[in-house]
Amino acid sequence: MKTPFKLPSAARVRRFAADNVVVLIFLSVTAIAVPSSNLSASYIIQDLLTRYGRNAFLVFSLLLPIMAGMGINFGMVLGAMAGEIGLIFAVDQGIAGVQGLLYAVLVGAPIAVLLGWIAGQVLNRARGREMVTGYILGFFMDGVYQFVVLYLMGAIIPITSKAITLSRGYGIRNTLGLDSVRQSLDKLLKLELGPFDLPMATYLVIALLALFIVWFRRTKLGQDMRAIGQDQTVSHSAGIPVERTRILAIVISTLLAMVGQIIFLQNMGNMATYNAHRQTGFFAAAAILVGGASVAKATIPNVLVGVGLLHLMYIVVPPAGARLFGSAQIGEYFRDAMSYAVIALALALHAWRKRANAESARAGLRGAASGAVQPAKTEGGAE
Amino acid sequence: MSGKEVAGAKAPRRIALRRVVALALVAAVYLGAGAWALISGKSHTILVDNKPVGGLEAFRLLEVSIGRQEPLELGRGERDKFAVQGQRHRVKIDLMNGTDPVEATIALPYDAKMVLLSLPKLVAGVEPAWEPFETGQDAPAPVADELPEELFGAAIDLAPPEAGAD
Amino acid sequence: MPDDTPLLSLEGITKDFYGTTVLRDVTFALKRGEILGLVGENGAGKTTLMRILFGMPVIAETGGFGGTVRIDGQPVSFRNPFDALDAGIGMVHQEFSLIPGFTTTENIMLNREPSRRNVAVDLFGPRMATLDRPAMTTRATKAIERLGVELDPDMLVSEMPVGHKQFTEIAREIDRENVKLLVLDEPTAVLAESEAEILLDSLRRLAAQGISIIFISHRLHEITAVADRVVVLRDGQLVKDTSAKGVEVREIAAWMVGREVDANARVRSDRKYGGPALEVERLWVDMPGETVRDVSFSVREGEIFGIGGLAGQGKLGIPNGIMGLFAAGGTVRLHGKHVELDAPRAALDAGMAFVSEDRRGVGLLLDESLDWNIAFTAMQVKGSYLKRWLGGLFSLRDEKAMRALAEQYIEQLEIKCTGHRQKAKELSGGNQQKICLAKAFALEPNLLFVSEPTRGIDVGAKKLVLDKLRHYNRDEGTTIVMVSSELEELRAICDRVAIVDEGRIAGILPPDAPLADFGLLMAGERAAEASA
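One line per chain: the protein sequences are A, B and C, in this order. All residue numbers for the first sequence refer to my numbering, where the first residue is 1 and numbers rise by one. All residue numbers for the second sequence refer to my numbering, where the first residue is 1001 and numbers rise by one. All residue numbers for the third sequence refer to my numbering, where the first residue is 2001 and numbers rise by one.
Please keep in mind that the hints were generated in silico from the structure rather than gathered at the bench. There's no promise every hint is true.
When the alpha-carbon atoms are kept at most 30 angstroms apart in a straight line, the in silico DSBU-like pairs for lysine-lysine are as follows [stated by the list, open to error]:
1) C/Lys2468 <-> C/Lys2400
2) A/Lys187 <-> B/Lys1051
3) A/Lys187 <-> B/Lys1092
4) B/Lys1092 <-> B/Lys1051
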């Protein structure tokens, strides 16, 4: 029997605030910045629409590892690297348009699977410390990526186009122009709605991914991931292959991050060969956390809300900084600091929130002797 | 796998077969998609050329379009370019003299990066109307900022000497 | 009777670990639909026997076992527990193995979910099949019905009372199509008596459906209540295999320990009490699962005051709250002096000591040696067993004194161990409990809280622990507040017994009050009705 107990309204407000403090802080900062930025509503909306298409896919790739109890997969930058390698080949071979993106995905897929598998193996050996391990693994793989792209490409790995090779004859240039594939997905199905341009093909791909995730949760593998995310020992004793399932979660996440990075870069139109992936994990993590997710629980609405909120702040804060402090740079520093603060806050909150939830749930159980709160019928109880 | 295990396993075998077929299908789709992307996505540059060639006169003024791209107007002796994907293209030339537009299909080799399409030849029906075009000049020499500026936060001088990195 | 072949027969099972024989020639059989009560003290060999039955890898790793296990007359040898499961043997463990965020249904069907094939199955394997939720619910409901209990199939485990968790676990085992034999290891350990009663009913139902059950319990009255046959192990040998009909708890206990147990010995030669030692007024304690709402009582000097009641009603919250381990409010006075709540140190300084029900979590430093465990709190609180140097500027542990103390208690409490340097985690439950007692005694408290002192320990150790408490009270004059789920032991040693219900004291009775009165109080009747 479950008798829903009533929380006093002050406690309820406090609990709501505790649950959503990240979102609330973000909203209030943005609310201050929007009017001071002096940007028109249609400019902000158009920019947001563009950024949704650009970033949402990447953020979605974080969902499954969170579900499998592995926290935020900072190792997703491995997938981003795989996508970039795919794009380098597409540009080198002169494959343009949507076909170029498809080609990049096909080239990137085996690399992403391999990297994801390696990451999964490593994370299985670092139980309970997946996030920091993934983060450092990203740094390590960044070095490997540089070695491959800067030294092997053109030397051992055949690269035909001189336009993307360094003049010394090997290695890829610092900036890779993606003119041949620039916004080819965004332009594929462009919908003009009043003053706004909607990249419908990109949205369609993102919607398909969301559907995939909804479907995936209903599969046996998805159920196993949920089980493992909550209790590995119990799952293991029920015969669920824990390690394999965790590896699969990371492999799928890495694959999705690969596709996500390609979508991101086609929108940007050029690629900082050695830097493009460095912030990927960080931005995606900030977005999903701003959306109200925790490192233990994340949903599709978290992704959608988070991408919107984070990018709204990214749009309005620099101009606001320019107007208020006379320097757009202050705004840029500020938004970076805010994003990092969000991640730090969310990680700290994860522990704190768990306790706050448990306590507020119990607050209603205190007896009349405590004076402050009303006595309430015990929930469940023996019998 | 021992013979004993296989003997009584007809149903698992059928499932295994299904899986093999399914995986083969995936492999086929993967390779097929790759091939399609490679072939139809390959980009070429077609230079459209309205100059006298081999005894053929150039046209005074014409409008040329390839595929569904916006037509370009070329005067006598002028040259312009189209960026296209894939190898077979429909070229449409309007000589702007009241006659019906001339339409022709050209097929380019896969590895031709840039071809020079002579419009007088195309209108006259000379086969082939195009020839490979070598630019002779290579990619522009990289300048210093094309190199990664920093690795692990420390500036490393990776620039080749001729690039004159400072 | 269609078939006389026993479902399970164990023939001459022998096992030794590195030369120590833990099972010697154990032979018994189990018929279809029979409930076998397996009893024995800790270390009698029950656990090893079940490990052999389930093919736990640890058995093979330590050299296998002698004898034969037959199921339906066929010799079997399982290589791992999953083989045993496939053969139709289910095990319900003492600890819950449930996923907290899953519903009853999801837990019952865990890793056996019915699913529907789809294209992805061919591409990426069977785990891509989608779950067939309606079928899951149907099957889970069926399993719950077989148990004959009421469980909400859609309730999250994390929101369930403890009894429901136990039933969920059992339902999971009986959902297997081929389940023939169910092994329950102390399934009632975490249950209140009323819940245990329902569980026993379920077991009878299952047996009536033809499922054989091996029921392991320390609560001997449950064995006599539910079992068709009783098998008693002692020191690795089968000492008794008899029909349960007409067998008395006292007899079983005697077979187990090999000596007569006088559980109800009651020495109450005109007890004398002083003034009030502990006065508690309007106490509330916010302890998860054991909330105390409004409790007032007073304990007299030199008294053993018992606090009983069903699990989850708040009896455990009382000592935990007074000792400052959980958020609490109200007034507590010790010998007239106000005791600060929410401050464990204040409670200890006031001269109270607490033997926690959570032996492993709160009571013991598991990785430390016995002497360190016994002396630790005394050292912290009273500064005993410390040698001071340079006028108390810094101090070192007095190893010698600690050792003497440890040895004194090891002898006094008959703690079975290899010596005072042994680690606490290596001891059995009963001996760990004795260490906890020793630790509290070492504080020389003027008021001692003892919470569930006999939980999870065997009959022999139980009696010893209770005797020690009684002697300690008599010899040292220490006031004791004892909290226990076992009414019998409260009645055996306490001078008064308070029954807690829904976070309040339902009534306080003398120990020789009729059992029915206690029962009424536990059932939520107030003292007025109970004594009427």
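For each hint, the structure was consulted:
Taking the CA atoms of C/Lys2468 and C/Lys2400, the gap is near 25 angstroms; set against the 30 angstroms cutoff, the hint holds. Our distance criterion of 30 angstroms between C-alpha atoms is broken by A/Lys187 and B/Lys1051, whose separation comes to about 35 angstroms. Of the pairs offered as hints, the one joining A/Lys187 and B/Lys1092 holds, with about 25 angstroms between alpha carbons and a cut-off of 30 angstroms not exceeded. At most 30 angstroms may separate the alpha-carbon atoms for a hinted pair to count; B/Lys1092 and B/Lys1051 meet this at roughly 17 angstroms.
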